[in-house]
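Protein chains in written order, with the working numbering: chain A, 431 to 740; chain B, -18 to 410.
Hints in this document: simulated from the structure, not taken from any laboratory. Misleading hints may appear alongside valid ones.
[Said to hold, decoys possible] Here are a few chain A residues that sit away from chain B, every Cβ distance over 12 Å (derived from the structure):
id : residue
1  : Asn473
2  : Pro501
3  : Ile646
4  : Glu653
5  : Ala700
[Unchecked claim] Below, a sample of chain A positions facing chain B; criterion: calculated Cβ distance under 10 Å:
id : residue
6  : Lys446
7  : Thr479
8  : Pro505
9  : Leu511
10 : Pro515
11 : Glu517
12 : Leu518
13 : Pro522
14 : Ala532
15 : Phe533
16 : Arg535
17 : Tyr536
18 : His537
19 : Ala580
20 : Gly581
21 : His584
Just so it is clear, CB atoms sit at the ideal spot from N, CA and C, and this is done for glycine as well.
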Amino acid sequence: MPTHNHMPLRIEALVKRFGGVTAVDGISLEVKAGESFGLLGPNGAGKSTLIRSIVGRVRPNSGRILVYGEPAESPSARAALGWVPQELAVYPRLTSRENLAAFGRYHGLAGNELQQAIAWCLEWAALADRADEVVNRLSGGMKRRLNMAAGLIHRPRTVLMDEPTVGVDPQSRLRIFEMIEGLRREGMAVIYTTHYMEEAERLCDRIAIVDHGRIIALGTSDELIHSAFGSRREVAVRFADSGEPGAAWMEQHGGRRVNGMAHFTVEQPAEIATLLQGAARQGFEVLDVTLHRPNLESVFLHLTGRELRE
Amino acid sequence: MIPAIIQTALTSLRRDRGALALSFVLPVAFFTIFAVIFGGRRDATPRITVLVVDEDRSAASERLVKGLENERSLHAELRPAPKKGAEQPEYTAITAEAAVRAGDAPVAVVIPHGFGLAPISFGEESNRVAVQLLRDSSDMVASQVIAGLLQKVAMTAMPDIMVEQGTRALDQYSGGLTPEQRRRMDEAIASLRNAPAGNGEGNSQDASDSFGAGILGVRTRDVVGENKNNPMVSFYAAAIGVMFLLFTASGAAGALLDEAESGTLDRVLSSRVTMTSLLAGKVCYNTLLAFVQLVVMFLWGWAVFKLDLWSHIPGFIVMGLCTALAVATFGMLLASLCPTRAQLGALSTLVILIMSSIGGSMFPRFLMPPAMQKAGLMTINAWAIDGFTKVFWRDEPVTHLWPQVAVLLVTAAALFVIARRLSRRWEYA
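Extracted from the complex, chain B is given alone in its bound form:
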């Protein structure tokens, strides 16, 4: 009896391609995505981009900069990428802050004037000039890593200065060195000074932990999100919102398949309604539905998590409508691709979960390896989340949303055209 039941179930599963895909393809796809992101593959470890501004131009600051440049886990940028082949001027404190605000990098290190006079200190901190860390607090990982690495680089890139400062402290607090002791210390410092700058081979975790309090003065300032009540709420409202919008849109678009199956679609198309106007009408409805869903989500965020919705209304409306339109056309494409509701359910689950994981709906894209971050840009999720982040996190004006708006609108138009072509199968027999 039991073998017969197993055999029947297996035969049914074998013929249900959607269920097969959900059973075997989806778990493997998800495992792969998570493994690539969190599995610690060495060749895929994400490097943190840090903007470096050297205002001091001293020997010590130059060595600190070199140390940061040599650090493997960092991608230190002194100047923006060349535009049309023309080299750009180096970052200043102002341009670096603007770049962090714009989301070009999660953190900037500014080495201020006077840093070289007392780069590190073992004693009182009043006489040293602190390095400034300008950070985007939405990326909580990057600034912590940089803060630790700065301490490590200070040791590995400036060992002579560390010993010199240590000797001074010893001299000051121990009652004074003998001339012979001072001579030997000076020789050691000279030899350290001639040694090559740190190459970042050391154990960065040990360094940041051991000198967490810091031989290097570091002053951190949030340049983005400094006044936010709950930094990640707006991110997750957008991220989770877009994922569920995609599910809703594909479900709503599935009504087309129900109508085709029941014969209602035939009856509608025998009236004055054309296939194009029918699809357009359904996309409009699904767009409104998705937009209302976003409104409910953000209202909840405002009511419960103090999300600052009211001062971002124009940006919210622009991003909300563009996102809703893109997901509505995406749902319509899936529906016109699938012959049955069951297949639509399986395909949409598969595609939407994968899109959401690489597009940043499940975890922020800055945690992903660069290649996956780029792949994420193929998804509606990534562009929608970037747009909402600009609005709610970076407080950027609506005009700055044009790249996201353009991509979402062009995507929507392209998806609609493809869905229209695919829907020809319903038009005539």
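Next comes chain A alone, as it looks inside the complex:
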């Protein structure tokens, strides 16, 4: 039986290959009780494969996954974990209530316990007034919320959410954030994958940046930014097509070009003037300049040379 002494999740050197493609390449991590843990990375980084391995839907080639000290495939681990898949994995011709009842029964709930769980989920997802509406007739945001509620019907202690805001309008996204923050207040451990850095910054205590199946950085948002940039700030410069700097000049100034923008870092704002004067001397035409505090997007860019949403 899982005990409260064990961590909700412990992954050791996990590897998963699909043919010649290595989707997860030796990932190790731990998630503490009550922690909200983010997996941030671009599409195809291996986040979903990692989540699906944890819930037993993918069989790893090697490595170990322990849920509260028990192997992930054990019944006790399954009971302790809730999973919100990226797809809308609900029955479209059933109502919200019927969907929750079905998934509750699949988890072994019955009678009063089931009814209470359904009531809690409907309340949590703000679907109580649409409980008897067939899913096909619900809005996109409501379907997403039902999709999340179905993953929590058996009241797990840890929930894995795989990009739950995909295709959701901004208003519904805010509501989903509030739902997740509600779970955090209740002390539930949340593992959250996303390729939106603002979601990771808002919802997660610690973040693992994942790329090509590996964790390339791990820590709190501030730790990640500090380890990549220290106290430096980021300057993004757009040059005119006719007067772009060459690779040698970029390298000399510690810059890199991503999607038509040149990115530099400066310790003091005054360094911007030096940078721009140098560019002017070379005849490079500057269109606009922005100075900002580095964020997780900048960290990813700094570590991989690519943007998160590429």
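Could you slot chain B onto chain A? The hints should help.
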């Protein structure tokens, strides 16, 4: 513009294997099946099995039996096939009737005692002993053919007796033959008597038509279905029912593919539900659905076509549930075989229509050549229809359904095991 539209459509068709199969394979397959059954290929013409009982043991009856045995279009059986190498006793009127009841043959010919005294007659029929034709009225073709062939065989196998009886009639009604005429007739009859028995080379249609009223007395009796209101209703309720059950079952099993595509299957399998229990649950549901479909069909048959449902309830339930289980597992096998709904639709249409045509859902199997009748036994349709026929047509007790029940249950178990193995692809990535 038009060539561009044609090119786009052709490219799409080329990549849709299901549509391609439905467009080209299904019509050819159907054409072949119908051509083999009804196309009159000489080497595949079905021979009608007829059980022959000679109670008379006279020269005339023996020649009639020989004539029937030599008839090409018949397969005359005097005794059942040997069991474990031991020859079986010849059929009697009772055992032959039982065999027809059991469906071993569609018709039995019984030549009763006294037949040889006046085998054929041109005059009053009161003095001749009629041959008995015991038939299963579900096979409307066989008994008609036999009745005609009996008249033909009477002529070709017993020409001397025919002439003798004709001469007697002439003698009686014409005022008497002269001694010289009688002597010549006797010589002709003697020469006919020594001639070989009919070899069936004659034109059977002409014979049966010309002597339809009969020089040979024939008394036909339905030993199966004699009290049925509407003989073919129960057959078609089962035959059409099974075909549509197969379609429904494959459609219902396709829900698994929808769930796999939407991700619901993954979510279900991440709970306490295992793949085996999921498949078992779906088979149970699809079995119940198929059974309810059969109930509706037979209730309709009872209400509209006076099908005698209520006195066959136990047999109906046994056959209904076994058939429903077999079609449910068949649907599950098809679903677990196909990667997409579209492919399932194409494959199930192809397979189910072919199964239904050779399995007897579209026309009775007794109309088919023997090889195709045997091939039909590879289908769920044939065993289900045979079982329902036993219940509703032959009024056989439930215990007699064991071969059909056993085959359907074993088939269901085998299909489930295969479907389970194929469904591994959904289990883990």
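Hint check results:
Against the 12 Å criterion, Asn473 (chain A) stays outside the reach of chain B, whose nearest CB is about 17 Å from its own CB. Look at Pro501 (chain A): its CB is around 14 Å from the nearest CB on chain B, clear of 12 Å, so calling it non-interface holds up. Once the 12 Å rule is applied to beta carbons, Ile646 (chain A) is consistent with being away from chain B; the minimum gap is 24 Å. Taking the minimum C-beta to C-beta distance to chain B, about 32 Å, the non-interface status of Glu653 (chain A) holds against the 12 Å cut.
Distance check for Ala700 (chain A) against chain B: the nearest CB is about 53 Å away, which clears 12 Å, and the non-interface claim stands. For Lys446 (chain A), the suggested interface contact is upheld, since its CB lies about 8 Å from the closest CB of chain B, less than 10 Å. The beta carbon of Thr479 (chain A) comes within 8 Å of a beta carbon in chain B, closer than 10 Å, and the hint placing it at the interface holds. Evaluation of the Pro505 (chain A) hint against chain B yields a held restraint, the C-beta minimum of about 7 Å falling below 10 Å.
Restraint check, Leu511 (chain A) versus chain B: the minimum CB separation of about 8 Å is within 10 Å; hint holds. Hint status for Pro515 (chain A): holds, given a least beta-carbon distance of 5 Å to chain B, under 10 Å. At a threshold of 10 Å, the smallest CB-CB gap from Glu517 (chain A) to chain B is about 3 Å, leaving the interface hint in force. Hint on Leu518 (chain A) holds. Least Cβ distance to chain B is approximately 7 Å, under the 10 Å limit.
Restraint check, Pro522 (chain A) versus chain B: the minimum CB separation of about 8 Å is within 10 Å; hint holds. The closest approach between the C-beta of Ala532 (chain A) and any C-beta of chain B is roughly 9 Å, which is under the 10 Å cut-off, so the hint is satisfied. A cut of 10 Å between beta carbons decides the hint on Phe533 (chain A): the least distance to chain B is about 7 Å, and the hint holds. Using the Cβ-Cβ criterion of 10 Å, the hint placing Arg535 (chain A) at the interface with chain B is satisfied: the shortest such distance is roughly 9 Å.
Because the closest C-beta pair between Tyr536 (chain A) and chain B is about 4 Å apart, less than 10 Å, the hint holds. Proximity of His537 (chain A) to chain B holds as hinted, the smallest CB-CB distance being about 5 Å (cut-off 10 Å). Taken as an interface hint, Ala580 (chain A) checks out: its beta carbon lies about 7 Å from the nearest beta carbon of chain B, inside 10 Å. The restraint placing Gly581 (chain A) at the interface with chain B holds, with a minimum CB-CB distance near 8 Å, inside the 10 Å limit.
For His584 (chain A), the interface hint holds, since its Cβ comes within 10 Å of a Cβ in chain B; the closest pair sits about 8 Å apart.
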